[in-house]
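So for the sequence shown, my numbering puts the first residue at 551; every next one is plus one.
Bear in mind the hints are in silico, worked out from the structure with no lab data behind them. Check the hints yourself; a few may be wrong.
Said to hold, decoys possible - As a list, the in silico DSBU-like pairs of lysine-lysine whose alpha-carbon atoms are at most 35 angstroms apart:
(1) K564 <-> K617
(2) K598 <-> K561
(3) K601 <-> K564
(4) K617 <-> K601
(5) K561 <-> K601
(6) K755 <-> K832
(7) K637 <-> K794
(8) K691 <-> K601
(9) K681 <-> K637
(10) K637 <-> K755
(11) K617 <-> K681
(12) K794 <-> K717
(13) K564 <-> K832
(14) K681 <-> K717
(15) K794 <-> K564
(16) K794 <-> K755
(17) K598 <-> K832
(18) K717 <-> K598
(19) K617 <-> K832
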Amino acid sequence: MPEIPVDKRIKVRKAEDGDNQSVLELSPRCAQYGMITMYPDRSPVFNKLHKLLDSGSYHMIALNSNKVVGTLGTIHTDLYFQDEPIKTAYFMDFKVDPDFRLGLTAYRMVKVSIDTEREAGIRMALATLLKNNDAPMVFTKGRGGFPISLYLGDNRIYNFVPFRTLKTNNRFVVRVATEADIPELIDLYNRYYSTYRLAPRLDEKTFRHYITQIDGLGINRFLVATEDGVIKAVIASWDAGSNKRYMVTQSNFRVKVISGLVKFLSLFGQMPEPIRINEPLKQLTLVLYAHDQSTEALGELFRHINNSNIGGEYSIIQLQVHEDDPINDRLRGLTGISVYSEIHLFTDTLQFAREIQQTNGPVHLEFPNYI
551 MPEIPVDKRI KVRKAEDGDN QSVLELSPRC AQYGMITMYP DRSPVFNKLH
601 KLLDSGSYHM IALNSNKVVG TLGTIHTDLY FQDEPIKTAY FMDFKVDPDF
651 RLGLTAYRMV KVSIDTEREA GIRMALATLL KNNDAPMVFT KGRGGFPISL
701 YLGDNRIYNF VPFRTLKTNN RFVVRVATEA DIPELIDLYN RYYSTYRLAP
751 RLDEKTFRHY ITQIDGLGIN RFLVATEDGV IKAVIASWDA GSNKRYMVTQ
801 SNFRVKVISG LVKFLSLFGQ MPEPIRINEP LKQLTLVLYA HDQSTEALGE
851 LFRHINNSNI GGEYSIIQLQ VHEDDPINDR LRGLTGISVY SEIHLFTDTL
901 QFAREIQQTN GPVHLEFPNY I
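Full structure from sequences and hints, please.
This is how it looks when you write it as structure tokens:
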């Protein structure tokens, strides 16, 4: 058998601090193609946010000599099924250098990551895969010793542009949340999450960790809609730029035309920040939302955020929601475009998968499950 060339020898192991720069350099080589070609930039430290959310998180990397040619990250969160917490591994940051996509690089990273989670006794694992991206789907089919996945529907990634004022509802009072609201917010979140088949829970310690340790997610970023003094809905507008930003490298003709139109109209009125090539995408991310059986109140917050950001610093505002969630109806009137990712769940036994499959209701994922 001929010797394998040195540039094709692959070693798979967990990333270490000294791998940081090589991991960051892989991202531009794995750009995401679509209406906008872009790649995620997590500099200066690629796993800073992951470690803030889960000290046990890790990235499996594929090395060719000393060069990182592949990554697969894992972060752990609790998802609740039938009011029971289940520690769940979320697989993310799956990237393979284009020069190494025809070999076993991806397979080896996935296998080592799954084996690691199995040995740790993890019962569930989750992955969100961009719809119509066939490459990673092979790992959901139960081949090569991998568990078959349970498809849980699509996550809708809705990107809207705040360029026109929407009518608001005087029924609700919208204000910035305060520290005094935290106990009421925790109760609201957990009542809301309990209505889903699979969803997280939130305690005060975790919430305070979010608002004090995660850049751009302070309590002043939370809005509440109240009715007769009672909080009916909450949402956070998160500027995640210090942890993760998308670098735009190219856009198609349609986006270029829209950007040119935005620049022209800005001479006559307030317009959103145009999308610029070779610069970070100016994005605001809506996270940690909930409502108290009042999609109307949450819709009021969507409209308020739209109206507040007209002529502001952001090009788009992004929200992620399951395609079957009733709150999708409250996105009507906003101007935007949707991208979909498939939610795939892996379980330790077929019986457990069937129990989840036979339970009704959509799934609710929070930002630790799609960062």
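Results for each hint:
no., hint, result
1, K564 <-> K617, "holds, 14 angstroms"
2, K598 <-> K561, "holds, 24 angstroms"
3, K601 <-> K564, "holds, 14 angstroms"
4, K617 <-> K601, "holds, 23 angstroms"
5, K561 <-> K601, "holds, 24 angstroms"
6, K755 <-> K832, "holds, 30 angstroms"
7, K637 <-> K794, "holds, 25 angstroms"
8, K691 <-> K601, "holds, 30 angstroms"
9, K681 <-> K637, "holds, 26 angstroms"
10, K637 <-> K755, "holds, 18 angstroms"
11, K617 <-> K681, "holds, 29 angstroms"
12, K794 <-> K717, "holds, 32 angstroms"
13, K564 <-> K832, "holds, 32 angstroms"
14, K681 <-> K717, "holds, 33 angstroms"
15, K794 <-> K564, "holds, 21 angstroms"
16, K794 <-> K755, "holds, 24 angstroms"
17, K598 <-> K832, "holds, 20 angstroms"
18, K717 <-> K598, "violated, 40 angstroms"
19, K617 <-> K832, "holds, 30 angstroms"
Hint violations for this structure: number 18 only, all remaining hints satisfied.
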